[in-house]
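Starting from the known structure of chain A, fit chains B and C onto it as the hints suggest.
Chains as they are written, first to last, in the working numbering: chain A, 1 to 487; chain B, 1 to 463; chain C, 1 to 179.
Hint data in this document are derived by calculation from the structure and do not stem from the laboratory.
Treat the hints with care, since some could be wrong.
Said to hold, decoys possible - Within a straight-line C-alpha distance of at most 30 Å, the following computed DSS-like cross-link-like pairs (lysine-lysine) qualify:
{"#": "1", "chain 1": "B", "residue 1": "Lys136", "chain 2": "B", "residue 2": "Lys285"}
{"#": "2", "chain 1": "B", "residue 1": "Lys179", "chain 2": "B", "residue 2": "Lys47"}
{"#": "3", "chain 1": "B", "residue 1": "Lys147", "chain 2": "B", "residue 2": "Lys285"}
{"#": "4", "chain 1": "A", "residue 1": "Lys472", "chain 2": "A", "residue 2": "Lys48"}
{"#": "5", "chain 1": "B", "residue 1": "Lys136", "chain 2": "B", "residue 2": "Lys23"}
{"#": "6", "chain 1": "B", "residue 1": "Lys395", "chain 2": "C", "residue 2": "Lys142"}
{"#": "7", "chain 1": "A", "residue 1": "Lys186", "chain 2": "B", "residue 2": "Lys179"}
{"#": "8", "chain 1": "B", "residue 1": "Lys395", "chain 2": "A", "residue 2": "Lys186"}
{"#": "9", "chain 1": "B", "residue 1": "Lys21", "chain 2": "B", "residue 2": "Lys136"}
{"#": "10", "chain 1": "A", "residue 1": "Lys186", "chain 2": "B", "residue 2": "Lys23"}
{"#": "11", "chain 1": "B", "residue 1": "Lys179", "chain 2": "B", "residue 2": "Lys395"}
{"#": "12", "chain 1": "A", "residue 1": "Lys26", "chain 2": "A", "residue 2": "Lys151"}
{"#": "13", "chain 1": "B", "residue 1": "Lys285", "chain 2": "A", "residue 2": "Lys151"}
{"#": "14", "chain 1": "A", "residue 1": "Lys26", "chain 2": "A", "residue 2": "Lys370"}
{"#": "15", "chain 1": "A", "residue 1": "Lys158", "chain 2": "B", "residue 2": "Lys285"}
{"#": "16", "chain 1": "A", "residue 1": "Lys21", "chain 2": "B", "residue 2": "Lys433"}
{"#": "17", "chain 1": "A", "residue 1": "Lys429", "chain 2": "A", "residue 2": "Lys472"}
{"#": "18", "chain 1": "A", "residue 1": "Lys429", "chain 2": "A", "residue 2": "Lys151"}
{"#": "19", "chain 1": "B", "residue 1": "Lys433", "chain 2": "B", "residue 2": "Lys136"}
{"#": "20", "chain 1": "B", "residue 1": "Lys23", "chain 2": "B", "residue 2": "Lys285"}
Just so it is clear, the structure is predicted and the values come from calculations on it, not from any experiment.
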Amino acid sequence: MLTLSLILLPVVAATLLLLIKSPAVKTLALGAALVELALAAYAFATFKADAQMQFEFDYPWIAGAGIRFSGGIDGISVLLVLLTGLLTPLITLSAFGREYDRPSTFYSLILYMQAALMGVFTARDAFLFYLFFEAALIPVYFLAAMWGGEKRIAVTFKFFIYTIFGSLFMLVALVYLYYQTGVPGKPGVHSSAIVDFYNLNLTPAAQGWVFWAFFIAFAIKMPVFPFHTWQPDTYVESPTPATMLLSGIMLKMGVYGLIRFLLPIVPAGLETWGLLATTLSVTGIVYGSIIAIRQRDMKRLIAYSSFAHVGLMAAGVFSQTANGLQGALIQMLAHGINVVGLFFVAEIIFGRTNSRFLDQLGGITRTTPKLTVYFMILLLGSVALPLTNGFVGEFLLLNGVFAYNNWLGAVAGLTIILGAVYMLRMFQKSMFGPTSARTETFDDLSGAESWVLLPLAVMVFWIGIYPNSFLKVTEPAVLNLLQYVVK
Amino acid sequence: MLPIILLSVFGIVLLFMGFLKSKVLLLPATLVFILAALATTFMDWGKTYLYFQNMLLTNNLAILFTTIVLLSAFMVVALSNSFIEDEQAQPAEYYALLLFSLVGAIMMISFENLIMLFVGVEILSVAMYVLAGSDKHSPRSNEAALKYFLMGAFATGIMLFGIALLYGATGTFVVSGIKSYVYTNAYGVSLLLYMGIILLLIGMLFKVSAAPFHFWTPDVYDGTPGLFTAFMSTVVKTAGFAALFRVLSVSFVGVYSFWWGTLAALTCLTLLIGNVTAVYQTSFKRMMAYSSISHAGYLLIGLTALGTQTKQALVFYSLAYSLATISAFGVLLVVSRQRQDTNGVNENFDAFNGLARQNPLLGFVMAVSMLSLAGIPLTAGFWGKFMIFTTAADKGIYWILVFAVLMSTVGIYYYFRVIIAMYFREGAAEPVKVAPFYRYVLIAATILTLVLGLAPGLLEGLV
Amino acid sequence: MLNLIFYAFAALTLGGSLAVLITRNVMYSAFFLLLSLIGVAALFVLASADLLAVAQVMIYVGGVLVLVIFGVMLTHKPKPETTTGPQAARPNYILTQHRAWLWPLLVAAGLFTAFYSLISRIHFSLFEHRAPFQTSVDTIGKQLMTEYIIPFEIAGILLLAALVGATYLSSQGDRTNNQ
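The following block holds chain A by itself, in its conformation from the complex (with noise of 0.2 Å):
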């Protein structure tokens, strides 16, 4: 019921405020996101710390082919619930800022899309999963093509239509399994719950395909290089609270269907083209780092070390260690909120000097101690300084990917070095030296601001210093999903 509720109170609440004309529109998507997240932290408080699916719900929705409208959380997506509900709030407070026209649309666009996230991140049945996936991408298809930037019709419907194009081979993979599945004398019976797909025996030519197909999908959704060219446009022409739902929480569909699919379905795929899919991951790393440092736009660094970190979940669940999996789980959450922070911070500073470009700032921590702070906060944590929420991931991760494989993980160690020097640049150039003629007047932070800030500096801290309050939650589910790949 908790979990049902989770998805459908934003649906009520977006089509609610689709009828509302007032400006009171903000305040009341704020409000229904409000509630989500004391659902959302309601469901991680009460979670208890085992392998088992909680607050489950199942309903038959086609019942004669044996797929079932059926979800729940377990310590796998309990993370992930979390960050949908805590972001979704700060989200639409961020948007408070920039007076959108047709208000109505826009957040009920975002609500829409909260709703659609959730389904993904709790649903039980394959098919329930692929519906949800690809609604996900309707609210924020409109959201970016509507608020966008001057290129974002060309860009967008380039997402839009490279993303599609790689689910539908995971539909054909879905169904290819949801025909495997049966009961030794029944013909024609299926299924296509999740946990059915774990316990199929495939044939080795089947288990490559199969992993090709999830492995595309989720490539294209994360991205891994290379399949990765639609998301620094996309990112830097949406608007800046599409890109936080975006980068927040709609890549991590993809590391979560890597974990969720991947890896319990086809592990002998896996071993076979495990090297090559982590050496790709890598490879994004290093590329995106790289990229990034070369970066004058803010928005377009931010995004290119989003790709970056992304490269790193995935080499990390691809290392089929618990170490890895509990640092994509982690990281998951830090990204979340380290990215949504700087892309808030991009955005305040390009609210007031209407640039985002590097050279054409400058000097702003003169007037700004509260923004210099906040600022700091979230690049330390995305810099993966210990005592952040950064560097529990990556240590994770990099333990993961270095038990894997040394070499890879020397090179995935990269990403420490080249993040601090991309960031600390990026800080450097926006935040001190001279003042530049944009930069004169620079206002501190707001109240509204400061409200999304803050929640964000604290989780930095708490899961850098307390990690365990997340870790424990996680590592039961993650020790049961093994179980299936080291076979």
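Showing chains B and C alone in chain A's frame:
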């Protein structure tokens, strides 16, 4: 059976009502007649009944297809409001011909004797030839009627040749009789039967515009007045595929290994041609014509992979496709008339520019139909495609599945051009005027698409 | 004896159809088509399908062919250069041209080969039967009224639709007194 009798009588009644010289009465009367036919269709629910010495066979599947056809006709007639207000229009003839074509369609759906199939195809086609040319003063309409008539007559001739050869091989016209022939002569099926199957298939595939028999479709759909194009692209396809399903799944399932390869090749060709050529169109109507070819391709996948899932897939896909197409054409009709350009009625993509801002309802209706046709989840069209894909997976023909998935991606491209024009481009300043009843029909169709997209299990136990 | 008659009428049919293709004069083509159709009617008689033969003569020759000839005669013709002289007195002397005959010929040859190879391999069960001539009018009539009554009556709807359509398409529409 009763719907056939009722619709014939009502058609004649409508012709007489044309004498009354009151257009106001004709539309509600037609709607009432169609509803009456729909009600009587359900009288046979749950029974399998053979009428008139093996002429017609009604079972649940036939009732479902008949319902889809009648529902499509109901929506098309309901949307014909503005169309018949033209001075030149003679609505009594249009409606009567529509009802007669429904008679033909129902015969194609519930035939048991191949002669009934032929007569049904002919009635449907002749009524369609006339309706294609109904805009007498437009040269494109005349061209459409002529092309349709010539190629359609040729195809019907081929089909009749096939039926004659089937009789020569089996000695019977009855579908179940042919089935028993095929089973008793499993190892020595006469060559005449194979030839008959091929020719019958060619004739029927022409009617549903499968490649390489699709060359008439773009010009005919483009030249026909928009309302009748909507009727043509939904009712004719649904009836055609119902007929194909009956003939292939009952009579010829015994020789499946003979015809499935050819049908598979034609399916891929249809999908390829339909999707790839639609990308290059600038006119919305022509794009819909080519895309209807691609939808014929998807439905053909269901037939190629004939199995236990096929009938459910065909019913769901036809329903989703009909709803989406008719609502799309409904929006097109109203927009193209009120946003005319220098050549008169503007049916290009740029007529839709900025529509969502001025008329949010029309924008939403069109967006949902485009998403449904593209097969994006949350709409009925997704589940239709899903069920078709599962029929292919059930038979293990995965290469068709992958090809269809690739072509789906191409399809998303041209369906989204309308959405992009509506939502993200600037257009004319005044909103488009829509009559209230028109609006209700569009809303109902959209709601049904979304409901079926979220709860496909509703139709499940029925088939 | 019967074989001779069969060959004669077959030759008439084939010769007529060949002549239809080869003559350039449209009117001559129409008349050769007449001969070809009569030949087919005779072949029907030889196959013991007497009702079909009569129907063929009545419908095709009497109906369709007459319509074709009317169509040819009523077609708008380009104005002759001279208003007097032999050309003006023969307005129905329309000549066609044989353009692009290669591909249709190849297709026809291909179809012929296909059909012939198929038909020659088919075992027709009635070949061994030497059936005496029997009139089919009686049987067809009874069957049309009993077993095939439904298609027979529904064909009436088809005719009605065709009639309504033809009237509608060819009418000028009311210029005053609109509906």
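Quickly compare the C-alpha distance for lysine 179 of chain B and lysine 395 of chain B to 30 Å and report which way the hint goes. Given that 30 Å is the threshold and the Cα spacing comes to 22 Å, the pair holds.
Decide if the proposed pair is consistent with the structure: lysine 26 of chain A and lysine 370 of chain A, CA atoms, cutoff 30 Å inclusive. holds, 25 Å
Are the Cα atoms of lysine 186 of chain A and lysine 23 of chain B separated by 30 Å or less? violated, 59 Å
Straight-line alpha-carbon gap lysine 147 of chain B to lysine 285 of chain B, limit 30 Å: holds, 17 Å
Verify the proposed pairing of lysine 26 of chain A with lysine 151 of chain A, using a straight-line Cα cut of 30 Å. Cα-Cα ~27 Å, so holds.
Check the hint pairing lysine 21 of chain A with lysine 433 of chain B against an upper bound of 30 Å on the C-alpha distance. holds, 22 Å
Quickly compare the C-alpha distance for lysine 136 of chain B and lysine 23 of chain B to 30 Å and report which way the hint goes. holds, 19 Å
For the pair we were handed, lysine 429 of chain A and lysine 151 of chain A, check the Cα-Cα distance against 30 Å. holds, 27 Å
Given hint lysine 48 of chain A paired with lysine 472 of chain A - CA-CA distance at most 30 Å: Roughly 10 Å separates the two Cα atoms, so the pair holds.
Taken at face value, is the distance from the CA of lysine 142 of chain C to the CA of lysine 395 of chain B at most 30 Å? The given pair, whose Cα atoms are some 47 Å apart, is violated under the 30 Å limit.
Verify the proposed pairing of lysine 429 of chain A with lysine 472 of chain A, using a straight-line Cα cut of 30 Å. At roughly 40 Å apart (the allowed maximum being 30 Å), lysine 472 of chain A and lysine 429 of chain A break the hint.
Could you grab the alpha-carbon distance between lysine 179 of chain B and lysine 47 of chain B and see if it respects the 30 Å cut-off? It holds: about 21 Å lies between the C-alpha atoms, which stays within 30 Å.
Violated hints for the displayed structure, listed by number in ascending order: 6, 10 and 17.
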